[in-house]
Amino acid sequence: EAQVTQNPRYLITVTGKKLTVTCSQNMNHEYMSWYRQDPGLGLRQIYYSMNVEVTDKGDVPEGYKVSRKEKRNFPLILESPSPNQTSLYFCASSFGTGNNEQFFGPGTRLTVL
Amino acid sequence: AQKVTQAQTEISVVEKEDVTLDCVYETRDTTYYLFWYKQPPSGELVFLIRRNSFDEQNEISGRYSWNFQKSTSSFNFTITASQVVDSAVYFCALSEAYRNTPLVFGKGTRLSVIA
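Same order as they appear, the protein sequences are chains A and R.
Take the first sequence: its position 76, counting from 1, is numbered 76 in the numbering used here, and each next residue is one higher.
Take the second sequence: its position 23, counting from 1, is numbered 23 in the numbering used here, and each next residue is one higher.
Be a bit skeptical, because a hint or two may be false.
Interface residues of chain R toward chain A, partial, derived using beta-carbon atoms under 10 Å [to be verified]: (1) VAL4; (2) GLN6; (3) THR9; (4) ILE11; (5) VAL13; (6) VAL14; (7) TYR33; (8) GLN39; (9) GLU44; (10) PHE47; (11) TRP66; (12) PHE91; (13) LEU103; (14) GLY106; (15) GLY108.
The calculated label-pair distances, taken between Cβ atoms and stated as ranges, are [to be verified]: (16) A:SER80 <-> R:SER112: 36 to 42 Å; (17) R:ARG63 <-> A:LYS69: 18 to 24 Å; (18) A:MET50 <-> R:ALA1: 31 to 37 Å; (19) R:ILE114 <-> A:PRO39: 35 to 41 Å; (20) R:GLN69 <-> A:LYS65: 19 to 25 Å; (21) A:THR111 <-> R:SER12: 39 to 45 Å; (22) R:VAL85 <-> A:ARG109: 19 to 25 Å; (23) A:GLU1 <-> R:SER61: 20 to 26 Å.
FYI, nobody ran anything at the bench for these hints, they're computed from the structure.
Just so it is clear, CB atoms sit at the ideal spot from N, CA and C, and this is done for glycine as well.
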């Protein structure tokens, strides 16, 4: 089944404790991205990747890191999480930008205490 | 810069009523794509439709229809004879064709359909 998977789905952590949210897709998509969703703000892009070893900042990259060592994986790293990073995170993938439909993962609900 | 505005934050209707969700966009490009996504209470994002800027034909899919008007930069979404299962947050989004820019989302409209 074609899908984007994210793990964990739910995470409660404390300020400053490094964490990684994994994202994997099995559709051989070149383009992957991370979004955060906050009430009243909709979805905002954090980082995106056009292909392996190519990443770039989205609208709200501060406090996040990503890597793209393999085509299928695009982990999101929070080196020192803070309470303002409490959010719902979505990973997405597509064959490209423009008219390509983005396939979204199921979401990761992160709470930073 | 590209921008998507969904002015309706929340809408509540009674089952079987028709409802229209508004979407107004801004872009400097002549070639672009518009999308609608649905986010049901379970939280996942479900793709509904994609429309390119050269195709202004309205589209109908069952109870769903979309009205794209370049003259007013709008891409509105109508649900006919709404059902409780239509209750969700609906997002309109814009992508410019020839840039590596992100998919820009509106802030969403929460639709509640009451039985």
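Okay, the hints, checked on the actual structure:
1. VAL4: This hint holds: VAL4 (chain R) lies near chain A, its Cβ roughly 8 Å from the closest one there, short of 10 Å.
2. GLN6: holds (8 Å)
3. THR9: It holds, given that the least Cβ distance between THR9 (chain R) and chain A is near 8 Å, below 10 Å.
4. ILE11: violated (16 Å)
5. VAL13: violated (22 Å)
6. VAL14: Cβ of VAL14 (chain R) sits 25 Å from chain A, so the hint is violated.
7. TYR33: Constraint on TYR33 (chain R) satisfied, holds at 5 Å.
8. GLN39: Status holds, d = 8 Å.
9. GLU44: holds (5 Å)
10. PHE47: Holds: closest Cβ of chain A sits about 5 Å from PHE47 (chain R), inside 10 Å.
11. TRP66: violated (15 Å)
12. PHE91: Since chain A brings a Cβ to about 7 Å from PHE91 (chain R), closer than 10 Å, the hint holds.
13. LEU103: Nearest chain A Cβ about 6 Å off; hint holds.
14. GLY106: holds (6 Å)
15. GLY108: holds (5 Å)
16. A:SER80 <-> R:SER112: 36 to 42 Å: holds (39 Å)
17. R:ARG63 <-> A:LYS69: 18 to 24 Å: violated (44 Å)
18. A:MET50 <-> R:ALA1: 31 to 37 Å: violated (20 Å)
19. R:ILE114 <-> A:PRO39: 35 to 41 Å: violated (22 Å)
20. R:GLN69 <-> A:LYS65: 19 to 25 Å: With a Cβ separation near 42 Å, GLN69 (chain R) and LYS65 (chain A) fall outside 19 to 25 Å, so the hint is violated.
21. A:THR111 <-> R:SER12: 39 to 45 Å: violated (29 Å)
22. R:VAL85 <-> A:ARG109: 19 to 25 Å: The hinted range 19 to 25 Å holds for VAL85 (chain R) and ARG109 (chain A), with Cβ atoms some 23 Å apart.
23. A:GLU1 <-> R:SER61: 20 to 26 Å: With Cβ atoms ~23 Å apart, the hint holds.
Checked against the numbered hints above, the structure violates hints 4, 5, 6, 11, 17, 18, 19, 20, 21; every other hint is satisfied.
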